[in-house]
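Visitor: Build the complex: two chains, separate frames, hints provided.
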Amino acid sequence: MFDSYVENTLQYYPDKCINCLRCTQVCPHGVFSEGKEHVELVRPAACMECGACALNCPVQAIEVQSGVGCAWAMISAALRGKDMDSAECGCGDGSCCGGNSKNPFLIEKL
Amino acid sequence: MENDKTADSTCSCAPKSDKLSFITFTHDIPACEILTITSTLTLKDRFGHFLARWGVNRMGYIVKPNLYKLGNPDADSPVFVSANYTMSFDALRSALAGIDCYILVLDTKGINVWCAAGKGTFGTEELVRRISWSGLSDIVQHRTIILPQLSAPGISAHEVQRRSGFRVEYGPVRANDLAEYLKTHKATPEMRRVHFSLWNRLVLTPMELVHAALPTLAVAIVLYFLAGPLAALAAITTVLTGTVLFPVLLPFIPTHDFSTKGLILGEIVAIPFALTFAADSVTSLWPNVLKALVFLLVMPAVTAYLALNFTGCTTFTSRTGVKKEIFRYVPFMAFIAGSGIVISILLGIFRLMKVI
Ligand code: SF4
Ligand code: SF4
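So the sequences go chain by chain: Y and W. Per my numbering, the first sequence starts with residue 1, numbered consecutively. Per my numbering, the second sequence starts with residue 1, numbered consecutively.
In case anyone wonders, no lab produced these hints; they're calculated from the structure. You may find that some hints are simply not true.
Stated by the list, open to error - Computed cross-link-like contacts, DSS-like style, restricted to lysine-lysine with a CA-CA straight-line distance of at most 30 Å:
hint: 1; chain 1: W; residue 1: K323; chain 2: W; residue 2: K109
hint: 2; chain 1: W; residue 1: K354; chain 2: W; residue 2: K324
hint: 3; chain 1: W; residue 1: K109; chain 2: W; residue 2: K44
hint: 4; chain 1: Y; residue 1: K36; chain 2: W; residue 2: K183
hint: 5; chain 1: W; residue 1: K109; chain 2: Y; residue 2: K82
hint: 6; chain 1: W; residue 1: K183; chain 2: Y; residue 2: K82
hint: 7; chain 1: W; residue 1: K109; chain 2: W; residue 2: K64
hint: 8; chain 1: Y; residue 1: K82; chain 2: W; residue 2: K64
hint: 9; chain 1: Y; residue 1: K16; chain 2: W; residue 2: K186
hint: 10; chain 1: Y; residue 1: K16; chain 2: Y; residue 2: K36
hint: 11; chain 1: W; residue 1: K186; chain 2: W; residue 2: K323
hint: 12; chain 1: W; residue 1: K323; chain 2: W; residue 2: K354
hint: 13; chain 1: W; residue 1: K69; chain 2: W; residue 2: K44
hint: 14; chain 1: W; residue 1: K186; chain 2: Y; residue 2: K36
hint: 15; chain 1: W; residue 1: K324; chain 2: W; residue 2: K183
Please read all numbers here as calculations on a predicted model, not as lab measurements.
Bound conformation, chain W alone (with noise of 0.2 Å):
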């Protein structure tokens, strides 16, 4: 799966060889030298990111594991410790610009070192591995690494420090704080903290709608020669409300649950549809509340149910709490959709049968 993205020659990041021919192999990883890297982030890189954030080749989208130097370190420079996946790396590199130092691109499969933290491969053991891999203790005279704070989930400090040498100092969350930090090697607790932004929620909304895009434009054709086009404009908008309006408008919905701010936005949605059915002129007043209850009925239950998986893309949301509120929710969701679903059954058998 290693795709050495590294290896285009036009790459700002583009390595240039500098074998070292002191560092000895025991075991079968290709021999490590190290790479020159630059904290200029091109073009290419940033249409890169764009893409990335869009989905397209993410798995590809991977730096080689080395160790890279950047500007002109020596022995006494700062070692950073990065994931192998381009965006994390590349968040870094442009951070440190005008620093000299080296940076160890752990293996973590592609992914970012949060959630490579989370499975394990930004782990103590990886770590050590790399560090003994890359001759580390043979490059730089001090023994300490930088690591990224959201790298801690997966790595016991004090484990790699006894089994490598090296002491590990967290470094802060966001790579921008880097340069302050530098300067006295200690984090403010703002730099400690994660942050749910309004940007940050933002660049989720495009993966969240490709995913739901084949589905949703399935129902959507389907409704449509069922229902007419307003039922097919309802099912584009609920997944629009559950996947862009609802992690932008998170902090300002009320409830803390998830799937009741879900169930509250989907409600506020469905409001203007189920109006539009109760006022149809053309079918009798309780056929036309039967409508409108659908859609106050479906809309908020897919809704909240988005909103629920939402937590998954959250750093606040404990596992105990999200089984909670599967626990609490789910069952409720499913019997409000399930009940709309049946009343619209029913009123396409009426239709057939021309009561209504």
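In isolation and in its complexed conformation, chain Y is listed as follows (with noise of 0.2 Å):
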């Protein structure tokens, strides 16, 4: 109960995949694992609507809203009169984050 991220806008089409693996080689959250026929979709609450797998599925098997999971973005948004989906990551660009990001952590990665 109370659990706000069980759902998203994950939509795997199976019957559309050629098994070529580039989901499974991009996402960071292990929720798509190699199949016999298709990749199957092992841990669809652990997606985090990046879109990378969306972006780089050859065959458009994949569909998902990405967007910025940021709450400080989406209400900056709703204050600005804004829809909250169209928030942009408030990173950068001189604001909070400056060359960082809001993901200042990331920075130990690749």
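Guide: Put into structure tokens, the structure is as follows:
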């Protein structure tokens, strides 16, 4: 109960999949796993809607409404009278996180 | 905005010009010349990283978008792609110690790989453009480029191949796994997952603190004069709880939503303050209870709000989930914070009227 993250917009159409495994390479949360004829959706609730799988799937077997999972950005968008879904990451461009983003920990990564 | 950090000759990655005359250009960005870098990070580099973590000169902490060579690469050497944020670039070059290779740095406006991919600056368009601008197809024989896995939200690999002829290979999430990855060009499932370790969370706290420092200080000073030192201390404690304690304790607080985690933590931290006021023997019982209530209402609300905003610092929270959190909990946070403020105003009025 009270888990806001159990649902998301990820859609997978296995019959379209050509088993190229791209989605298993790009997903940072192991949402897809290798299967026999097509990949399997094994951890759908872990999806954070980054959009990497959909963008890299050559046959559009994945759809996801990717967006910014940042409350600060969404609340600011709402306060400016904009749609919350249109919220842009407030990082960079001289704002909060400058050259480093709200995700500075990722600097440890590649 | 371009601040060519690499032009600093004291930097270990100081480039040595290696002009290539065979590259021709058809647009206005300056000609690409391969620059030489080393994989050694100097004390100065590390000090620069430390300052950047505290938000000093963050926007100026950039590397020139260019093609770099590390060691003595030849036409068969691997090509890596990075962002022009110095820390991303430094993480890559130091992880590649002993490997002869090229690094193509994109213009991500000084933003790290993950965020730049999200914004589209580390994107298909920029990559295709930089591949052709650098003359990469004349420099290497093969047609493979290795990208950070976390750049994938901005890159359409098949589109890059179609437009540039270069096949995109996604490397591991962590630069430290690169040497292992290069042995087989296959990443283990573990190498493909992001983690949010204690260290990952800790390095975020200086920036969070820097952002909150000024308003917190102002509130603490006002509270000091209006309600005394304990109230000022409560304000500082609340912000430290939301910006430092919360990230540190994140995985250990029960519940999944950030807001409820923040409410729980804020409530725990408020208890000592509430008890101190409840036990005040100078005023009578009911004003003491009301004063205690103010802490129990306001401190969790503020902590929960700071915790909710921490969603933007993680790679776990989806937009759908965050939106749900906002609709579920922000009205409640506003309600309890508002109630606490109303009670404290009433207490102030009663004190002026000498009722308490
Ligand atoms: S959108 Fe991102 S997190 Fe979700 S399944 Fe695709 S790659 Fe994984
Ligand atoms: S990227 Fe698309 S086609 Fe390739 S395995 Fe995943 S779902 Fe299938």
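Visitor: Which numbered hints are broken by the structure, listed smallest first?
Guide: 2, 6, 8, 11, 12 and 15
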